[in-house]
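**Q** In case you want the letters, here they are:
2 protein chains.
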Amino acid sequence: MSKPKVVILGAGFGGLTAARSLADIADVTLVDRHNFQTFLPLLYQVSTAGLAADHVAYPVRGALRKTSVQFRMGSPIVLDHINKTIKLDSSELLSFDYLIVAVGSVTNDFGIPGVNEHCLGMKSVVEALGIRAEVMRRFEDLCRLTDNTELSITVIGGGPTGVEMAGALAELKRGPLKSDQAGAAKRIHIRLVEAGPRLLPSFAPALSERTKRDLEKLGVEVLVNTGVKQAKSLSLVFNNDEEIASEISIWTAGVKCAPVVNDLLLPMDGGRVSVSPSLQVTNYENVFAIGDIAGAKGADGRFLPMVAPVAMQQARFVAKQIARLNAGETPTNFKYVDKGSMATIGRHKAVVEVKGLRIGGAVAWYMWLWLHLFYLLGGRNKIGTMADWTWNYLTFDRGNRHIIDIA
Amino acid sequence: MSKPKVVILGAGFGGLTAARSLADIADVTLVDRHNFQTFLPLLYQVSTAGLAADHVAYPVRGALRKTSVQFRMGSPIVLDHINKTIKLDSSELLSFDYLIVAVGSVTNDFGIPGVNEHCLGMKSVVEALGIRAEVMRRFEDLCRLTDNTELSITVIGGGPTGVEMAGALAELKRGPLKSDQAGAAKRIHIRLVEAGPRLLPSFAPALSERTKRDLEKLGVEVLVNTGVKQAKSLSLVFNNDEEIASEISIWTAGVKCAPVVNDLLLPMDGGRVSVSPSLQVTNYENVFAIGDIAGAKGADGRFLPMVAPVAMQQARFVAKQIARLNAGETPTNFKYVDKGSMATIGRHKAVVEVKGLRIGGAVAWYMWLWLHLFYLLGGRNKIGTMADWTWNYLTFDRGNRHIIDIA
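Residue numbers (the numbering used here), protein chains in the order written: chain A, 4 to 410; chain B, 4 to 410.
Worth double-checking, as some hints may not be accurate.
Put simply, identical chains are the same to the list, so a pair is met inside one copy or across any two.
Unchecked claim - Using 30 Å as the maximum straight-line C-alpha spacing, the simulated DSBU-like pairs for lysine-lysine come out as follows:
#1 Lys358 x Lys323
#2 Lys232 x Lys338
#3 Lys6 x Lys69
#4 Lys181 x Lys8
#5 Lys300 x Lys259
#6 Lys69 x Lys189
#7 Lys6 x Lys181
#8 Lys338 x Lys90
#9 Lys189 x Lys259
#10 Lys220 x Lys90
#11 Lys90 x Lys189
#12 Lys8 x Lys323
#13 Lys385 x Lys181
#14 Lys69 x Lys220
#15 Lys6 x Lys90
#16 Lys8 x Lys385
#17 Lys87 x Lys385
#18 Lys338 x Lys358
#19 Lys181 x Lys69
Simulated from the structure, these hints should not be mistaken for lab results.
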């Protein structure tokens, strides 16, 4: 039995896990347009000056040391199913026996006018640095003005990312910015806007309520049942036609399949790549789709959530299927084991939901803390993050408030 | 005696030291175009993936906490000596009794054609991230190619910055990049080019020799007596008309007065702001110039070096002169106390020259290490830097190899 050639597109949670799982049984080439993996769950801490940008990224080649996995930095441009090759933008042609597509998701503006132009996204290190620069620059403007000029920051989307972002902004305002210049910090107004009837819709209603209360205690104005109809350069228009001032609008309302799956002409189903229960792409049994792009459904018939645990479980599952197929066996069906969800709101404030168990407050916060440290790639990032967090925790300060202008 | 109003332009080593020294005896406003101070002596470690970008920057407002000093982010555009005001690009007008100009230096291309377009500078966090991105991107290209394509990196300028840069690049190649992909790392060629007859011309000749030897041991090709006549997009032309391939050319050959001193119409003398022995700008006795821009001369009649210790001593000196002038006393003359120089080459390799004492090797390296940690602003940066350094030291690795594209 010879080692099959496997190409994996995307070095996120799914792609990197798949590469490591397959390293011993296949000739693996991993492809990503960045030379690093981004630890997306902590990106909001870069935006809010809590963590150094370099500590939520990890070099892909570092993660692959001591394995035989090859890495190529680049983007796929042409997928040829007949010759089983994929062409990269460097013109390199990679041939494969099995292909795993794990290219992840991008911000979804749902076609709402102005969102793309006037709202800041939160899906990359560069975008996170952009939010940080914008917040700190507008804060410097406030420091200069002695009138009552206010700065309104609106976070749109009440899912975990929106909740964490709004909470971290509130703590940035109450702590470091207040120490920087209390008069200016006081004039910052933070709002969280959710189109549905409650925050964190995937959690139990009681935790949604607790999250709203916790955010309000931190000074965040929480608006539910409030859809955004249009984004303008310094304001937002709600579905009821009310227009509010919003100098900085941060869009965390949703994500969609990365558009590269369209370039590769993969069959789609409801906005995701159409897959069999074994995660094989429809019509192409040697191509697998995992993570945010995969149209896999749960027992309830709905798409699985676009979260890291799904991608990582699917990655390990697909690695096993490739071993089975290579041994002439038939593939099995993927089943997602939901280990629970968590979201942090602020210091000693978080919500955790694990198999019916619902926890809030400090205990949940410590659970969140250790789990994220545990999953953060690499010892150096762990140490660096722990150093920054310890410093922030003890001093109520955040050191990474630099305006570094990015493309 | 009322508190004088002092405006300080520039929050580098000079400006920030002056602000802190004057905080109790004056109403101080500090102005800088960034909201952070850059720890320039460690910038080369950002370029070579050793340190996180955020850890060589420190928020100015953080450095001014617990003082009464005001901060304004912005650039000065008009200096009015009659009304004693300075206008910022925000249109704000600051009035002063005393003005301290400490705007520092920018890269000097000495009018050599092509340098501005084709060489990378090393005077800001953004430029350091640019070098890191360029080195890592070209390394990724090498990893893809299986022929004998080489990557030539040339550092131009054999002063401390050039020496440190070349040494750190050599260690990046020999350690982390070799672990990433040995075949590609082998094909990187690092060159250090100096126009004069020896490296580190401000040090004793024996230390220059030792530095050259140490760099050559690390695999750096050192060329002295080699001036650059022209820079092209992928090559350099030397004074003897020899043209060498250089995919990445890093310019550390010199700095000059920041051009903003010309916009402010300050009197110049040999490329620096003309000052009296008490550092008062010629014709304007309530305006002081300190640091890289100040045309202060040493006992040898030559301009003082453009280094942090000069700027900091001048800052403390000027703070005292402002107190004297405000008390109706006459100013004294500035005298620079040279406490020595140091430059690091690589692990356990550095040179230190203190009052005739000349030290090389591991002892010098540890001295360099502790001194830089001591002067690095803020506890968080110290902890973060120590964490990164400890990690790099123990693992021979460098974790910050991310290509983050900047403007």
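**Q** Among the hints numbered above, which are violated by the structure, and what are their numbers in rising order?
**A** Violated: hints 2, 8, 9, 10, 16 and 17.
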